[in-house]
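*Asks:* Chains as they are written, first to last, in our numbering: chain A, 30 to 354; chain B, 44 to 383.
Derived by calculation from the structure, the hints in this document are not laboratory data.
Incorrect hints may appear among the rest.
Stated by the list, open to error - Quick list of in silico lysine-lysine cross-link-like pairs, DSSO-like style, CA-CA up to 30 Å:
id: 1; chain 1: B; residue 1: 118; chain 2: B; residue 2: 311
id: 2; chain 1: B; residue 1: 118; chain 2: A; residue 2: 299
id: 3; chain 1: A; residue 1: 120; chain 2: A; residue 2: 64
id: 4; chain 1: A; residue 1: 326; chain 2: B; residue 2: 247
id: 5; chain 1: A; residue 1: 155; chain 2: A; residue 2: 124
id: 6; chain 1: A; residue 1: 113; chain 2: A; residue 2: 64
id: 7; chain 1: B; residue 1: 309; chain 2: A; residue 2: 343
id: 8; chain 1: B; residue 1: 341; chain 2: A; residue 2: 326
id: 9; chain 1: A; residue 1: 71; chain 2: A; residue 2: 235
id: 10; chain 1: B; residue 1: 190; chain 2: A; residue 2: 299
id: 11; chain 1: B; residue 1: 218; chain 2: B; residue 2: 247
id: 12; chain 1: A; residue 1: 206; chain 2: B; residue 2: 218
id: 13; chain 1: B; residue 1: 311; chain 2: A; residue 2: 333
id: 14; chain 1: A; residue 1: 343; chain 2: B; residue 2: 190
id: 15; chain 1: B; residue 1: 118; chain 2: A; residue 2: 71
id: 16; chain 1: A; residue 1: 340; chain 2: B; residue 2: 218
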Amino acid sequence: MIKTVNNTESAPLLTVNNLTKRFAVKGGTLTAVNKMSFVIYKGETLGLVGESGCGKSTTGRAVLRMYDGGQSGQIIYNGTDLMKLSQKEMKKYRKEMQLIFQDPYASLDGRMTVGSIIAEPLNIHKLGTQQERMARVEELLNLVGLDSEHKNRFPHEFSGGQRQRICIARALAIRPKFVVCDEPISSLDVSIQAQVVNLLKELQSKMELTYLFIAHDLSMIKYISDRIMVMYLGSMAELASSDELNKDPLHPYTQALLAAVPIPDPRHVKSREQSLEGEIPSPINPPSGCVFHTRCKKAYAECKQTAPEWKEAKPGHFVACHLYN
Amino acid sequence: MEPLVQIKNLHISFNTYAGEVKAVRGVSFDIYKGEMLGVVGESGCGKSVTSNAIMRILPTPPAEYKQGEIIMDGKNLLGLSESHMQRIRGKDIGMIFQDSMASLNPTMNVGSQIAEVIRRHQKVSSDKAKRQAIEMLHLVGLSNPEKRYHQYPHEFSGGMRQRAMIAIALALNPKLLIADEPTTALDVTIQDQILKVMKTLIEKSDASVMLITHDLGVVAETCRRVVVMYAGQIIEQGAADHIFYNAKHPYTKGLLLSVPSMKMDKTKALEPIVGSPPDLFSPPAGCPFYARCKYAMKICKDSCPVMEAIPENDGQAHEASCWLNSLNYREALGERAVTL
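Please model the complete structure; the sequences and the hints are all you need to start from.
*Replies:* If you want it as structure tokens, here you go:
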């Protein structure tokens, strides 16, 4: 169940270039995702972290082309630019991409049995006969650690952790290759979180899945991800392998984010130097230059004027910050 | 240390159509003067029911205080009249809830909600109450408090609303502040700020804090003493050092192992606690953790262990309820001591 992906050797599954997503809102345009470019390699877990409102979920959804418009850039999946496809043509690719949501209470239809919830993607994509679908449902329930008898029950009969298992079974029903996990564990209890994370890791190696794992829990994302991307106000701040990012965070925002994580050790003395003041500014009217300069303790004149470039500060370690010019 | 609040053998049930939910089953602990006490446990373990009972804000029915006492200043809070309780709430005990949007009045500006608490308990002019409210907004770290006073909760971000809640809860310098998952809905960076504000204000005022959370990191960072609850009971309590370095109950150990530490080796699988907590409609006769415990023995199924002191070098109290540590059980085994 433990996987070792050497990213340099693995081929990219998904290449995102200049992805931008704008929403028309009262009082202007909200640029939720601003010119993001990144690669997700086959079989890896790319973690995506940032404060709420920074555009993590929008990125996850935009990558799956879940929005109708307002989106520009390129999303190259296995050689095809998904942005050029019509919604009808997209359907073929949707079979290979799935999403697991944060709230397992809101994302399951309370009036459907668990069996029909898990069978729904199979029905939509017309996979197999009725009998095969039912057999697949039972297989999936076992796969995620539930009982095949559970297919006749309704979501309200299950606990939060079990519901998240049902959501995972549904997402995996059509054997996807790429799964966006949008904070799948943040609404669960600590003891249950570990169960679900272990399950996700186990399934990844069994089914050769690639994950985009969105979370705000840094310790959990460090544990599950091969590489981590840090976002701030719609832009990419830093991207590096999980160990590297934790050992040597370069961007002042990443440093502050890591310093804010409470450590479960009463003898740990927290350094207060890096703690972050203030809150994330409104993306409708983002700050000039580097979007982080309003909260950055190391900001200088240039940060207010020009946006920093995205560059490779160390091999495989990318950062957008003027300090590393 | 002198106890400010003593909770003695508290039993609370909810009467529902499906039957009686025994949410709190014999909880006893003290909150000392000036301390920050952490209460941890999973959802449904009775942490919030216990704290809401101290504040006496459980709706009765369906809730029912079956047994026990909550002693504060020599009075049993469970025996007081509602009007007497109203004089205590806000003045002697302040409370912060998790969901700040649902706890603030959306139709009232934030400042008036702070002034309301002050005017309710003190005979002051509305002008003075307003000045005090603005001062509170300033103390909790909101910029431009005069302007913020007139704003409504929807104009505040989650972190700002939580600051406003702290301002309301601490406006009258209560002796006890109950914070029920105050930072759960917030980002780590904002959580850090809120905990800092809470800590500074508490240090100034000498109040005691009961911090309810499921985040062991938050507890380690803020609390000196920790109570661990499971299925409506306290299964372990002691100084934070005892709980994090010398946990005796398998559930506490399991909780500590379920969170990946920042230094943890990624190739190792996490060690989750298997299964889920018992149904409190019919709690098990034995140890409530029996079904999920790796170390469960025969005795655990049939009889429930009691709290027993665990010897510690630092002289601070540490106790746990587990047969593995039980001296009685060791005696019964005839010195074939079982240790974890």
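*Asks:* If a hint holds in the structure, say so; if it doesn't, say that too.
*Replies:* Against the structure, the hints:
1. This hinted pair does not check out: residue 118/B and residue 311/B have alpha carbons roughly 52 Å apart, beyond 30 Å.
2. Under the criterion of a C-alpha separation no larger than 30 Å, the hint pairing residue 118/B with residue 299/A is inconsistent with the structure, at around 40 Å.
3. As the CA atoms of residue 120/A and residue 64/A are separated by approximately 25 Å, the hinted pair is consistent with the 30 Å bound.
4. A C-alpha spacing of about 28 Å is found between residue 326/A and residue 247/B, which places the hinted pair at or below 30 Å, so the restraint holds.
5. As the CA atoms of residue 155/A and residue 124/A are separated by approximately 11 Å, the hinted pair is consistent with the 30 Å bound.
6. For the given pair, residue 113/A sits about 17 Å from residue 64/A by alpha-carbon distance, which is consistent with the 30 Å threshold.
7. Using a Cα cut-off of 30 Å, the hinted pair residue 309/B and residue 343/A holds, with the two alpha carbons roughly 22 Å apart.
8. A C-alpha spacing of about 59 Å is found between residue 341/B and residue 326/A, which places the hinted pair above 30 Å, so the restraint is violated.
9. With a CA separation close to 14 Å, the supplied pair residue 71/A and residue 235/A stays within the 30 Å bound.
10. The hinted pair formed by residue 190/B and residue 299/A fails the criterion: a straight-line CA distance of about 34 Å is larger than 30 Å.
11. Proximity of residue 218/B to residue 247/B is assessed by CA-CA distance (about 12 Å); at most 30 Å being required, the pair is judged to hold.
12. Among the hinted pairs, residue 206/A with residue 218/B is inconsistent with the structure: their alpha-carbon atoms are about 57 Å apart, more than 30 Å.
13. Straight-line distance between C-alpha atoms of residue 311/B and residue 333/A comes to about 44 Å, which puts the hinted pair past the 30 Å bound.
14. With a CA separation close to 46 Å, the supplied pair residue 343/A and residue 190/B exceeds the 30 Å bound.
15. Proximity of residue 118/B to residue 71/A is assessed by CA-CA distance (about 65 Å); at most 30 Å being required, the pair is judged violated.
16. A distance of roughly 54 Å separates the Cα atoms of residue 340/A and residue 218/B; the hinted pair therefore is violated under the 30 Å criterion.
When the structure is compared with the earlier hints, violations turn up for hints 1, 2, 8, 10, 12, 13, 14, 15 and 16 and for no others.
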